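Chemist: Counted from 1, the sequence shown has number 57 at position 67 by our numbering; the numbering is strictly sequential.
In case anyone wonders, no lab produced these hints; they're calculated from the structure. Predicted, not measured: the structure shown is a model, and the values here were computed from it. Check before you lean on any hint, since a few could be wrong.
As the list claims (entries may be wrong) - No farther apart than 20 Å at their CA atoms in a straight line, the calculated lysine to aspartate or glutamate pairs in the EDC-like style are these:
hint, residue 1, residue 2
1, K11, E21
2, K51, E39
3, K42, E52
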Amino acid sequence: MKNDDKNSQEPYESEEAMTAKQVSDGLEKIEQWHSVSTPNLQWFQQQVELEKKRVRKKQWKELLVFIIVSVFILSVGMAVVYREPIVFLYVQLIGLILLPIALYKPRRKVNHE
-9 MKNDDKNSQE PYESEEAMTA KQVSDGLEKI EQWHSVSTPN LQWFQQQVEL
41 EKKRVRKKQW KELLVFIIVS VFILSVGMAV VYREPIVFLY VQLIGLILLP
91 IALYKPRRKV NHE
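Full structure from sequences and hints, please.
Modeler: This is the structure:
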(Lines of atoms letter the chains of each structure in order from A and count residues from 1; the text may use other names and numbers.)
(Lines give C-alpha, C1' and ligand atoms only; values in the text may rest on other atoms or scores of the structure.)
Protein backbone atom coordinates (compact mmCIF):
# COMPACT_ATOMS: atom_id res chain seq x y z
CA MET A 1 0.00 0.00 0.00
CA LYS A 2 2.82 2.39 0.86
CA ASN A 3 4.51 1.70 -2.45
CA ASP A 4 1.32 2.63 -4.35
CA ASP A 5 1.12 5.92 -2.42
CA LYS A 6 4.72 6.75 -3.37
CA ASN A 7 4.08 6.04 -7.02
CA SER A 8 0.94 8.14 -7.04
CA GLN A 9 2.77 11.06 -5.37
CA GLU A 10 5.81 11.04 -7.71
CA PRO A 11 4.08 12.67 -10.73
CA TYR A 12 2.79 15.50 -8.52
CA GLU A 13 6.20 16.09 -6.96
CA SER A 14 7.92 16.17 -10.34
CA GLU A 15 5.25 18.56 -11.66
CA GLU A 16 5.72 20.84 -8.66
CA ALA A 17 9.49 20.81 -9.12
CA MET A 18 9.12 21.56 -12.82
CA THR A 19 6.67 24.40 -12.13
CA ALA A 20 8.97 25.86 -9.48
CA LYS A 21 11.89 25.75 -11.92
CA GLN A 22 9.84 27.44 -14.66
CA VAL A 23 8.76 30.20 -12.27
CA SER A 24 12.34 30.68 -11.09
CA ASP A 25 13.64 30.85 -14.68
CA GLY A 26 10.90 33.31 -15.62
CA LEU A 27 11.74 35.58 -12.70
CA GLU A 28 15.43 35.51 -13.61
CA LYS A 29 14.58 36.54 -17.19
CA ILE A 30 12.45 39.42 -15.91
CA GLU A 31 15.30 40.58 -13.69
CA GLN A 32 17.67 40.52 -16.67
CA TRP A 33 15.30 42.52 -18.87
CA HIS A 34 14.36 45.13 -16.28
CA SER A 35 17.23 46.19 -14.13
CA VAL A 36 16.11 47.58 -10.81
CA SER A 37 17.96 50.58 -9.49
CA THR A 38 17.30 51.84 -6.00
CA PRO A 39 17.62 55.61 -5.49
CA ASN A 40 20.26 56.65 -3.02
CA LEU A 41 19.51 57.42 0.61
CA GLN A 42 20.02 61.16 0.19
CA TRP A 43 17.24 61.33 -2.39
CA PHE A 44 14.81 59.57 -0.01
CA GLN A 45 15.79 61.86 2.87
CA GLN A 46 15.30 64.92 0.67
CA GLN A 47 11.85 63.71 -0.38
CA VAL A 48 10.88 63.08 3.25
CA GLU A 49 12.01 66.58 4.26
CA LEU A 50 10.09 68.18 1.39
CA GLU A 51 6.94 66.27 2.34
CA LYS A 52 7.32 67.26 6.01
CA LYS A 53 7.65 70.93 5.04
CA ARG A 54 4.61 70.70 2.76
CA VAL A 55 2.49 69.06 5.47
CA ARG A 56 3.65 71.53 8.12
CA LYS A 57 2.80 74.49 5.86
CA LYS A 58 -0.62 73.00 5.10
CA GLN A 59 -1.36 72.45 8.81
CA TRP A 60 -0.43 76.03 9.71
CA LYS A 61 -2.65 77.32 6.90
CA GLU A 62 -5.60 75.21 8.13
CA LEU A 63 -5.04 76.34 11.71
CA LEU A 64 -5.01 79.99 10.67
CA VAL A 65 -8.24 79.59 8.67
CA PHE A 66 -9.86 77.81 11.63
CA ILE A 67 -8.90 80.59 14.06
CA ILE A 68 -10.12 83.34 11.72
CA VAL A 69 -13.46 81.63 11.08
CA SER A 70 -14.01 80.85 14.77
CA VAL A 71 -13.24 84.44 15.82
CA PHE A 72 -15.65 85.72 13.17
CA ILE A 73 -18.41 83.36 14.28
CA LEU A 74 -17.95 84.22 17.94
CA SER A 75 -17.90 87.95 17.16
CA VAL A 76 -21.11 87.76 15.17
CA GLY A 77 -22.72 85.61 17.86
CA MET A 78 -21.79 88.02 20.64
CA ALA A 79 -22.95 91.03 18.62
CA VAL A 80 -26.32 89.38 17.96
CA VAL A 81 -26.75 88.38 21.61
CA TYR A 82 -26.07 91.87 22.93
CA ARG A 83 -27.80 93.88 20.20
CA GLU A 84 -30.80 91.72 19.35
CA PRO A 85 -31.36 88.87 21.80
CA ILE A 86 -34.61 87.85 20.10
CA VAL A 87 -32.76 87.28 16.79
CA PHE A 88 -30.28 85.08 18.67
CA LEU A 89 -33.13 83.03 20.12
CA TYR A 90 -34.70 82.62 16.66
CA VAL A 91 -31.36 81.43 15.21
CA GLN A 92 -31.02 78.91 18.06
CA LEU A 93 -34.56 77.64 17.48
CA ILE A 94 -33.96 77.24 13.74
CA GLY A 95 -30.73 75.39 14.51
CA LEU A 96 -32.54 73.00 16.84
CA ILE A 97 -35.17 72.32 14.20
CA LEU A 98 -32.64 71.77 11.38
CA LEU A 99 -30.21 69.64 13.42
CA PRO A 100 -32.13 66.34 13.06
CA ILE A 101 -32.50 66.97 9.32
CA ALA A 102 -28.77 67.61 8.94
CA LEU A 103 -27.84 64.51 10.95
CA TYR A 104 -30.31 62.19 9.22
CA LYS A 105 -28.52 59.76 6.95
CA PRO A 106 -30.68 57.38 4.94
CA ARG A 107 -29.53 53.79 5.39
CA ARG A 108 -29.42 51.53 2.41
CA LYS A 109 -30.56 47.98 2.63
CA VAL A 110 -27.91 45.49 1.61
CA ASN A 111 -29.01 42.46 -0.35
CA HIS A 112 -27.07 39.33 0.54
CA GLU A 113 -27.81 37.16 -2.45
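Chemist: What are the numbers of the hints the structure violates, in ascending order?
Modeler: none
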